[in-house]
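Protein chains: 2
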Amino acid sequence: MRLPSTVHIMEVGPRDGFQAEKAWIPTEKKIEIINALSRTGVPEIQVTSFVHPKAIPQLADAEEVLGKLDWLPGVKYRALTPNLRGLQRGLSFKLDTVSVMLSVTESHNRANGNRAIAETLREIEQMVPVARKAGFDIVGSMICGFGCPFEGEVPPSQLEWVTGRYLEMGISHLGMADTIGVANPRQVCDTMARLLDKFPQVQWSLHLHNTRDMALANVVAAMQAGITRFDGAVGGLGGCPYAPGATGNVATEDLVNMLHEMGIETGIDLDKMIAVAKMVREVIPHPLDSFMVRAGKRTDLKPAPKEQQKIT
Amino acid sequence: MRLPSTVHIMEVGPRDGFQAEKAWIPTEKKIEIINALSRTGVPEIQVTSFVHPKAIPQLADAEEVLGKLDWLPGVKYRALTPNLRGLQRGLSFKLDTVSVMLSVTESHNRANGNRAIAETLREIEQMVPVARKAGFDIVGSMICGFGCPFEGEVPPSQLEWVTGRYLEMGISHLGMADTIGVANPRQVCDTMARLLDKFPQVQWSLHLHNTRDMALANVVAAMQAGITRFDGAVGGLGGCPYAPGATGNVATEDLVNMLHEMGIETGIDLDKMIAVAKMVREVIPHPLDSFMVRAGKRTDLKPAPKEQQKIT
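Protein chains in written order, with my numbering: chain A, 1 to 312; chain B, 1 to 312.
Bear in mind the hints are in silico, worked out from the structure with no lab data behind them. Hints may contain errors.
Since the list can't tell identical chains apart, any single copy or any two copies may satisfy a pair.
In silico DSS-like cross-links for lysine-lysine, where the CA-CA straight-line distance does not exceed 27 angstroms [claimed, not checked]:
hint	residue 1	residue 2
1	K297	K22
2	K306	K54
3	K297	K272
4	K198	K302
5	K133	K29
6	K76	K302
7	K306	K22
8	K29	K198
9	K29	K54
10	K94	K198
11	K297	K133
12	K302	K68
13	K68	K22
Let's have the full structure, built from the sequences with the hints guiding it.
What follows is the structure in structure tokens.
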């Protein structure tokens, strides 16, 4: 197996996770969780989305959250800015990176962003100089890159076309998303190997939902293709309000556990990440999709039972 | 990725799944589920364990279940026979295969079988001629082959020693089990590649629990090492009464979904397997660990939403 020695993980729970929660999470709880995440050793956190509060009321407190965060050196802070107006809201903060938002299929882009791909691309083009001037790195997302809930399979030519459009705009850090958790390991390995080969100038990251339990297998397949950057959401939070059935990002603690067990470094303290997942559990009114919270670490050895009574 | 074109799946829900259920499953429900499984296209089913009824009361109806089954041609029926007495109980049935039971660590073998490995091996030696005379194929299990809840890591030399002992007794079909779900993909690939290389005469199968969400990743890693036989339990049933925290085999329907999505044939009708998982859900008094039951198939496309109202 061809595997990297280190992997970069971005924590997306405070954005992709919280936005899927219907019940209001108090602003101070959001801040508490993000601050705890920033002390796990995770190198990057997507802290919020500057989305219209009518679209996602849960993230209406974006400014307040960012205004009160502990901004720790050594941690990169990213926000999702779905449009120019969202980007303008982010300009007063010392963000390292903003993500721009584009689905690779017309029907999902319309469902998620309420407009055609061409319209979204025109707005991203307007956003680029604004973000660059503010000193923000820009990451272009490729939502539903491995499959669409409305259109099904995505032709490779479409992925290449979208990649090409991003590159023309000077955006070479791209995030391929399996938004609805349909990707399989062979597809991930083949797709990413082809994209890496065709666009060697792109720095790719993968955003994988665990809807059909293939996320960790897809991580391994992607690493074998040469990918070393992945998103995770603490506690397995997440979903997409406009992608029916899109339950749960891969849990950061489950991802970190697998990578560490494989001898791949992440810089993250697994115990601390599990502790944050348990904090999240207290805040969220439903069970978490976290295997590590449920099962504990491999190294949590049990005492062997005493001699059993012989059954005769 | 080096991948096989077909994979053999054994369904173990009626044995490894049912035995983990505390609440009594009526005998006729067991029979109904096994009969439904036998019509999914799955080539092999582990239908019960001839274990002492005081040890696992849930399987006390082994004879009644086997007596009333539809024995379909084309399906292989296997029982677990943990000792000579269990084997003798199985002799009156037209089983294709019996599994014998051995943990690769002393402490787990004592917890699971109440005796030392050497004692278990002596009894297996007595069982071999009896099983052969009855026309049964014998599969030797290697429980906790990837890690033990009491001892932790298992040295490769121990796996090789157990394999050698089985081979000396003429047992060359072996089942390596990640009983407590601690194996990681690198370990599975390396371990199985080493064993395949060292013992080319052995036909290996893998039995993987999904305790830490690595089962499907481990399947892919094992296939890359050359393994093509896997166990699954419908609905993700399972656990081990003597392995604390050992929740859930990999769900057969999740395994089949991944393999089919990867273009690997199993002979199983996924829709029928999901339907059996839903039957199981009606019988079991707790939620199933089945991603496919929860999320549905990738090809269950959704209608795209109508034009959304523009948020201004």
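Verification of the supplied hints:
1. K297 with K22: between (31 angstroms within a copy, 25 angstroms between copies)
2. K306 with K54: between (60 angstroms within a copy, 18 angstroms between copies)
3. K297 with K272: within (12 angstroms within a copy, 35 angstroms between copies)
4. K198 with K302: Answer is neither; intra-copy 50 angstroms and inter-copy 32 angstroms both fail.
5. K133 with K29: neither (32 angstroms within a copy, 67 angstroms between copies)
6. K76 with K302: neither (38 angstroms within a copy, 36 angstroms between copies)
7. K306 with K22: between (48 angstroms within a copy, 22 angstroms between copies)
8. K29 with K198: Answer is neither; intra-copy 43 angstroms and inter-copy 55 angstroms both fail.
9. K29 with K54: within (21 angstroms within a copy, 50 angstroms between copies)
10. K94 with K198: Close neither inside one copy (34 angstroms) nor across copies (57 angstroms); limit 27 angstroms.
11. K297 with K133: Intra 45 angstroms, inter 45 angstroms, cutoff 27 angstroms: neither.
12. K302 with K68: Neither way: K302 and K68 sit 42 angstroms apart in one copy and 40 angstroms across, limit 27 angstroms.
13. K68 with K22: within (23 angstroms within a copy, 50 angstroms between copies)
In the structure shown, a violation is registered for the earlier hints numbered 4, 5, 6, 8, 10, 11, 12, in ascending order.
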